[in-house]
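A.B. asks: Quick note: to get the numbering used here, add 27 to the position in the sequence shown (first position is 1).
Derived from the structure by calculation, the hints contain no laboratory data.
Check before you lean on any hint, since a few could be wrong.
Stated by the list, open to error - 16 angstroms max Cα-Cα, derived EDC-like pairs, lysine to aspartate or glutamate:
(1) K138 to E127
(2) K73 to E88
(3) K208 to D155
(4) K208 to D152
(5) K73 to E85
(6) K138 to E85
(7) K138 to E193
(8) K197 to E146
(9) K37 to D121
(10) K45 to E127
(11) K183 to E127
(12) K206 to D154
(13) K208 to E146
(14) K206 to E193
(15) K100 to D121
(16) K125 to E115
(17) K206 to D152
(18) K78 to E88
(19) K37 to E88
(20) K206 to E146
(21) K208 to E193
(22) K178 to E188
(23) K208 to E127
To be verified - Listed next, with one range per pair, are the computed distances between beta-carbon atoms:
(24) A195 to S171: 19 to 27 angstroms
(25) Q79 to S149: 47 to 55 angstroms
(26) S149 to D221: 35 to 43 angstroms
(27) N105 to Y160: 18 to 26 angstroms
(28) R57 to E146: 46 to 54 angstroms
(29) N105 to G204: 39 to 47 angstroms
We treat Cβ as the ideally placed atom computed from N, Cα and C, and that holds for glycine.
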Amino acid sequence: MFAYELEGLKRLNIQPIKWGSSYRVKVRGRTGKMVYVSNVSRLINKRLVAKQYNVSIETLEKHLSPDYKADPKYRFYNGTHMESHLYEGVEPYDFYNKLENVLSTQTSAFKINIALGYELVSKTDPDDTRYFYPNLADTHVFNSPIAINSKADIQKKVISEIRSMELADKLNYPSSGYKLKAITAFKIFIYHRDHALGDSEAVIPKIIRENKHVINFPKTNNKCVFHCIPGIHSRALRRILEEFRLR
């Protein structure tokens, strides 16, 4: 389920249920039993959702479209290699919820950066305010995009990292005569990568873990093949390389 679909469902007062790292919607299936659907892009699932929550297919499709623009607080852009999500007029407590919604819908590895939109007020004149639109040149959260290779990276590298920051220190001030009034917007930039997003919570089967011929080493730098090569007998390694050469 995409982030813009989550936003569309919420506009229709349909509350998706968090299901692992994704979201699902509870509906009554064709057999009459209650089931959970995640791919609301499929027409058959749209019909189930529309029937369950008493909305028309046309209204549902309108709100689930990435081009939906009725809500001035949210803008979605989908390019060939990147996508962006702009939220304006948001409350501080909404920041992490919306950020996690966007990241949890990604199915392949990606890089991320975030730009902040904020309002400054003069320390001497409360009517003197300045607004800064979120852009990566001046209001970025990270100095460079953060690579996300597994679902665990979302919490470790993004959510937890931002929680430990003082976001006010990330902002630009035209002079010392201004102070932060509020952070009112943010824009999430997602840069797509080709390989699938890993799941660090996957458990290796017991038969493999207890196999005496399998060596388990605590390497977490995603270079498993290179760590395995030294463990191969030199004659076996030469044979493998020869097979690749002959292909």
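A.B. asks: If a hint holds in the structure, say so; if it does not, say that too.
C.D. replies: So, going through the hints one by one against the coordinates:
Distance restraint check for K138 and E127: the Cα-Cα separation of roughly 14 angstroms lies within the 16 angstroms cut-off, and the hinted pair is therefore satisfied. Distance hint between K73 and E88 is fulfilled; the C-alpha atoms sit about 8 angstroms from each other, no more than 16 angstroms. Using a Cα cut-off of 16 angstroms, the hinted pair K208 and D155 holds, with the two alpha carbons roughly 11 angstroms apart. Proximity of K208 to D152 is assessed by CA-CA distance (about 12 angstroms); at most 16 angstroms being required, the pair is judged to hold.
For the suggested pair K73 and E85, the alpha carbons sit about 10 angstroms apart, so the restraint of at most 16 angstroms is met. A threshold of 16 angstroms between alpha carbons decides the hint, and for K138 with E85 the separation of about 34 angstroms lies outside it, so the pair is violated. About 22 angstroms separates the Cα atoms of K138 and E193, which puts this hinted pair outside 16 angstroms; it is violated. Our distance criterion of 16 angstroms between C-alpha atoms is met by K197 and E146, whose separation comes to about 13 angstroms.
Distance restraint check for K37 and D121: the Cα-Cα separation of roughly 14 angstroms lies within the 16 angstroms cut-off, and the hinted pair is therefore satisfied. Under the criterion of a C-alpha separation no larger than 16 angstroms, the hint pairing K45 with E127 is consistent with the structure, at around 11 angstroms. The straight-line distance between the Cα atoms of K183 and E127 is roughly 12 angstroms, inside the 16 angstroms bound, and the hint therefore holds. Under the criterion of a C-alpha separation no larger than 16 angstroms, the hint pairing K206 with D154 is consistent with the structure, at around 13 angstroms.
Under the criterion of a C-alpha separation no larger than 16 angstroms, the hint pairing K208 with E146 is consistent with the structure, at around 5 angstroms. Distance hint between K206 and E193 is fulfilled; the C-alpha atoms sit about 14 angstroms from each other, no more than 16 angstroms. For the hint pairing K100 with D121, the CA-to-CA distance comes to about 12 angstroms; that is within 16 angstroms, so the pair holds. With a C-alpha separation of about 12 angstroms, the suggested pairing of K125 with E115 holds against the 16 angstroms cut-off.
For the proposed pair K206 and D152, the alpha carbon gap of about 11 angstroms is at most 16 angstroms, so the pair holds. Pair hint K78 plus E88 holds up; C-alpha atoms about 13 angstroms apart against a cutoff of 16 angstroms. Taking the CA atoms of K37 and E88, the gap is about 13 angstroms. The hint holds against a cut of 16 angstroms. About 9 angstroms separates the Cα atoms of K206 and E146, which keeps this hinted pair within 16 angstroms; it holds.
Using a Cα cut-off of 16 angstroms, the hinted pair K208 and E193 holds, with the two alpha carbons roughly 15 angstroms apart. Proposed proximity of K178 and E188 is supported: the alpha carbons are some 15 angstroms apart, at most 16 angstroms. Of the supplied pair hints, the one linking K208 and E127 is violated, its CA atoms being roughly 25 angstroms apart against a limit of 16 angstroms. At about 21 angstroms, the CB distance of A195 to S171 agrees with the hint of 19 to 27 angstroms.
With their beta carbons about 52 angstroms apart, Q79 and S149 fall inside the hinted range of 47 to 55 angstroms. For the pair S149 and D221, the supplied restraint of 35 to 43 angstroms is violated, since their beta-carbon distance comes to about 48 angstroms. At about 20 angstroms, the CB distance of N105 to Y160 agrees with the hint of 18 to 26 angstroms. One distance hint, 46 to 54 angstroms for the beta-carbon pair R57 and E146, holds here, with the actual separation near 51 angstroms.
In this structure, N105 and G204 meet the distance hint of 39 to 47 angstroms, their C-beta atoms being roughly 41 angstroms apart.
The structure fails hints 6, 7, 23 and 26 (numbered hints given earlier, in ascending order).
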